[in-house]
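Can you build the whole structure from these sequences, using the hints too?
Single-letter residue listing:
There are 2 protein chains.
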Amino acid sequence: MKLNILGCYSATPRTFTNPTAQVLEIKNHLFLIDCGEGTQVQLRKNKIKFARIKHIFISHLHGDHYFGLAGLISTFRLLTRKTELHIYGPKGLKDVITLQMKLADSWTNYQLVFHELTSTESELIFEDDNVEVYTIPLDHRVYTNGFLFKEKPGERKLNMQSVEKAHIDKAYYRKLKQGADVENKKGQLIKNVDVTNSPDPIKSYAFCSDTAYKESIIPIIENVDVLYHESTFLEQHAHLAPKTKHSTAKEAAQIAKKANVGILILGHYSTRYGNLDAFMKEANPIFKNVELAEDGKVFEF
Amino acid sequence: MKLNILGCYSATPRTFTNPTAQVLEIKNHLFLIDCGEGTQVQLRKNKIKFARIKHIFISHLHGDHYFGLAGLISTFRLLTRKTELHIYGPKGLKDVITLQMKLADSWTNYQLVFHELTSTESELIFEDDNVEVYTIPLDHRVYTNGFLFKEKPGERKLNMQSVEKAHIDKAYYRKLKQGADVENKKGQLIKNVDVTNSPDPIKSYAFCSDTAYKESIIPIIENVDVLYHESTFLEQHAHLAPKTKHSTAKEAAQIAKKANVGILILGHYSTRYGNLDAFMKEANPIFKNVELAEDGKVFEF
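First to last, the protein sequences are chains A and B. Heads up: take any position in the first sequence, counting from 1, add 3, and you land on this note's numbering. Heads up: take any position in the second sequence, counting from 1, add 3, and you land on this note's numbering.
Please note that the accuracy of each hint is not assured.
The list makes no distinction among identical chains, and a pair is therefore deemed to hold if it is satisfied within one copy or across any two copies.
[Claimed, not checked] Within a straight-line C-alpha distance of at most 25 Å, the following computed DSS-like cross-link-like pairs (lysine-lysine) qualify: (1) 94 - 105; (2) 300 - 48; (3) 85 - 246; (4) 85 - 188; (5) 153 - 30; (6) 248 - 194; (7) 291 - 105; (8) 248 - 105; (9) 189 - 168; (10) 50 - 291; (11) 248 - 188; (12) 105 - 246; (13) 188 - 155; (14) 173 - 153; (15) 168 - 300.
Think of the hints as simulated: they come from the structure by calculation, not from any bench.
As structure tokens, then:
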């Protein structure tokens, strides 16, 4: 699992900072999460292949989270994309993108599939053989979802030395991988655990931005390997957090602690702060494994 | 008059090139012309004061000419702008911007005034004591206007030595500036031309992008000091120009020559070309005073 931060600042794009966008690489998918203005340039700078993006998840319809989407859709068209593009986001997103295409009289030559979200309960919005994606209902000024990305458990791994020693026919390998006990060539029952190893541990990533401090997300994100939680403010501006429905670094750390996550990544910093050390300083006493998002930074788990 | 090119490439923003946007400084106005994605970052990089922009002119509703507008409007709001913002552009622009504000539940705290354009004839769309702005109907795949910016003639300038020598009362200075003959303190008629000099010559700038070769714009842009005319293609791709309703460098030069303009600036280059020298090479034999637009370049006239 690889997380490429394209932008992790709030509000407005500036010369050296970008609004929210990140790419999660998981089980051969490249999921784009949010798409602030300038995302396509950030994709280029970070050498991410446009064609590999087939699913885009938009948390909410504030400009700093989706004003780059119309341009990206249009660039896909100019690149003569053929493959489907799936977009998951709040109701209304389809209308605004469709209106822009209509006014430009420029329709995509590939299929654009909108999955409009309206539920205030967590729901499964994407699933294939390897990955599941759930919404995480957040508490912001407009309808907002975070997203939980979870690998599905893989198959058990054959211990080839033991398998051969136990004289098991190749025809039974598939069954072994699925966890079954099998008979060997001599008619003896071979226990699965004796000839296989556990599958790779499944990994999970939760993206939570933008949101006020919201404890009811904890059951959804409990035990995730990595949590990206917004921390727009430092303590000195804590009074602004409930009013604007954002969180402080300290609150993000409290959520991480209570949800027993592996690593907490902070981001969505207000552009009023010159340097990010204070975010670490305020979150760290509450939760130990804190990382700071930065534009262009790549996290591998 | 000062023209700051923020972006002069067609189609998509890339790592080092930007879609169309430029700022014209004329008689103390800062007019923003087109607003492709990333324009607000380009404004910052070029150190242009956001608050000084009070009028934005949008040529047409292809994304590379206005996808930065919603973000800029939203940034103005975050900067707690108070002054009115006037936006001139094709019908439909108001709908799409309003829909985006509605979905974000974020309305401007300053007055946003849309001037929606529908005429296919050149019309006066802005006027004050010093400047006039006219549309230039262009020929593109969607409804498109160029814009003609013209200074108004200023007042005649007093030649103070002659004025004093002629014993003219200060009360008549205003009349002299307006071109009238006046009586001096001795009751003698003083001819205006004997005590004043001509006003500064008026300057004019025409922005024409995007458009196919269109001779009927010539009467509108005739004799302008500076013409920015799109040149998406070189001769090797001339066959694409009529189909996509764009122009070649050669066609831009032909328009410049026939309209007897002072300087031709080429721009809106297709991103397929690695270097711009060929644009100059193809335009130059037809029209001598050619300049190449480049992102960040400033022209002073």
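Broken hints, numbered, in rising order?
4, 6, 7, 10, 11, 13, 14, 15
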